[in-house]
Amino acid sequence: MDLNSYIGKPTGAGTVHVERGAVSRFAAAVTDDNALYHDLNAAKGAGFNGPPVPPTWTFASVFQGRYPEEQPEDPTGGTGNPMMQVINGLMKTGGLVLHGEQEFRYHQSVQCGDVLHWEGKITDIYAKESKGKTMTFIVTQTVFSNQAGEPVVTEIFNLIHRGA
Amino acid sequence: MSKTISAIKLNYGDINKGDEAPVVSHELGRTDLVKYAGASGDFNPMHTDEVAAQAAGLPSVFGHGMFSMGLLGRAITDWAGVGNVKRYGVRFTKQTWPGETLSTKIVVSDKEVTEEGKIIVAEVLLHNEVGEIKVSGTARVLAA
Chain V
1 MDLNSYIGKP TGAGTVHVER GAVSRFAAAV TDDNALYHDL NAAKGAGFNG PPVPPTWTFA
61 SVFQGRYPEE QPEDPTGGTG NPMMQVINGL MKTGGLVLHG EQEFRYHQSV QCGDVLHWEG
121 KITDIYAKES KGKTMTFIVT QTVFSNQAGE PVVTEIFNLI HRGA
Chain G
1001 MSKTISAIKL NYGDINKGDE APVVSHELGR TDLVKYAGAS GDFNPMHTDE VAAQAAGLPS
1061 VFGHGMFSMG LLGRAITDWA GVGNVKRYGV RFTKQTWPGE TLSTKIVVSD KEVTEEGKII
1121 VAEVLLHNEV GEIKVSGTAR VLAA
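Listed in order, the protein sequences are those of chains V and G.
Those letters in the first sequence? Residues 1 to 164, per the working numbering, in order.
Those letters in the second sequence? Residues 1001 to 1144, per the working numbering, in order.
Isolated chain V, as found in the complex (with noise of 0.2 Å):
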């Protein structure tokens, strides 16, 4: 498989909508009770819009207010996500996909009733060998941009396939 063929190539688009449900049930979920993301008169007393999210959010929203009719076109064409085919090449010899590193990047801040955008690409693969097993390192850049077309978040995503 040749890995460098894959860097540049784009994994997916979407464009979702940030809703106060979804947010403070995430809020929630990682034990975050800050009045914040939950209380729309303390977000407001504090300077914003809607509840502000937690820094984690963006990546679990490319699932959450996601609808149907308003997705751009599939920027990979119908074949999926190519990490996926590189994933699932490595996988025929076995091993463990592993998520490796998260990074986000904070541009601007996100809040409920904001339209995000999102656009990911394939930025870098390369392997090296760690106790006599292939590590192959897929790094993945996701930009996330907001109804006015400013860039908010960007994140970086790091899945490693440990060869058996």
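Read the hints as simulated data drawn from the structure, not as lab findings.
It should be emphasised that the depicted structure is a prediction, and the values quoted were computed from it without experimental measurement.
Don't take each hint at face value.
[Said to hold, decoys possible] Some chain V residues flagged as far from chain G (calculated, every beta-carbon gap over 10 Å):
hint: 1; residue: H99
hint: 2; residue: G100
hint: 3; residue: M135
hint: 4; residue: S145
hint: 5; residue: I156
[Claimed, not checked] Partial list, derived from the structure: chain V residues whose beta carbon lies under 7 Å from chain G:
hint: 6; residue: P52
hint: 7; residue: P54
hint: 8; residue: Y67
Glycine is no exception: its CB is placed at the ideal position from the N, C-alpha and C atoms.
Given the coordinates of chain V, assemble chain G onto it according to the supplied hints.
For chain G alone, coordinates are given in the frame of chain V:
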């Protein structure tokens, strides 16, 4: 330069290398895994289905890495204020298991004045009751 809306809680002049943020501790239960699965949309059965997890050779279900990152993120925003995190990244080093008590550790490693403003840099990690590190990384937060 990006907008910051909510109140900045940290005073740049008062923060020094080695300072620690208040610790958040949480005993991980299976209900946490179910709640996180539902709220995040990550329904990997290794996190929610004990039968499937044991069939795969695991002792039990285990926690989502992103739950750990979320719990640690809560400790960061409790300390620095919501809306004041500029960057937050971790490596996932160990799985978490039901029954473990997970605790945060946030230690200031640097501070600098940048185009983004007055930035506090902290080494951040989550560990269990015997000190095993589950996730570790870095956060950059705004100070006033």
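Taking the hints in turn, this is what the structure says about them:
1. Not every C-beta of chain G lies more than 10 Å from that of V/H99, the closest at about 5 Å, which undercuts listing it as non-interface.
2. Listed as outside the interface, V/G100 is inconsistent with that label: its C-beta sits roughly 6 Å from the nearest C-beta of chain G, within the 10 Å cut-off.
3. At roughly 13 Å, the least C-beta separation between V/M135 and chain G is larger than 10 Å, which holds for a residue marked as non-interface.
4. Even its closest Cβ contact with chain G, about 13 Å, leaves V/S145 beyond 10 Å, as expected for a residue assigned away from the interface.
5. At roughly 7 Å, the least C-beta separation between V/I156 and chain G is not larger than 10 Å, which violates its mark as non-interface.
6. Satisfaction of the interface hint for V/P52 is found here, the shortest Cβ-Cβ separation to chain G being roughly 5 Å, below the 7 Å cut-off.
7. Given the 7 Å rule on beta carbons, the hint for V/P54 holds: about 6 Å separates it from the nearest Cβ of chain G.
8. Because the beta carbon of V/Y67 sits about 15 Å from the nearest beta carbon in chain G, more than 7 Å, this interface hint is broken.
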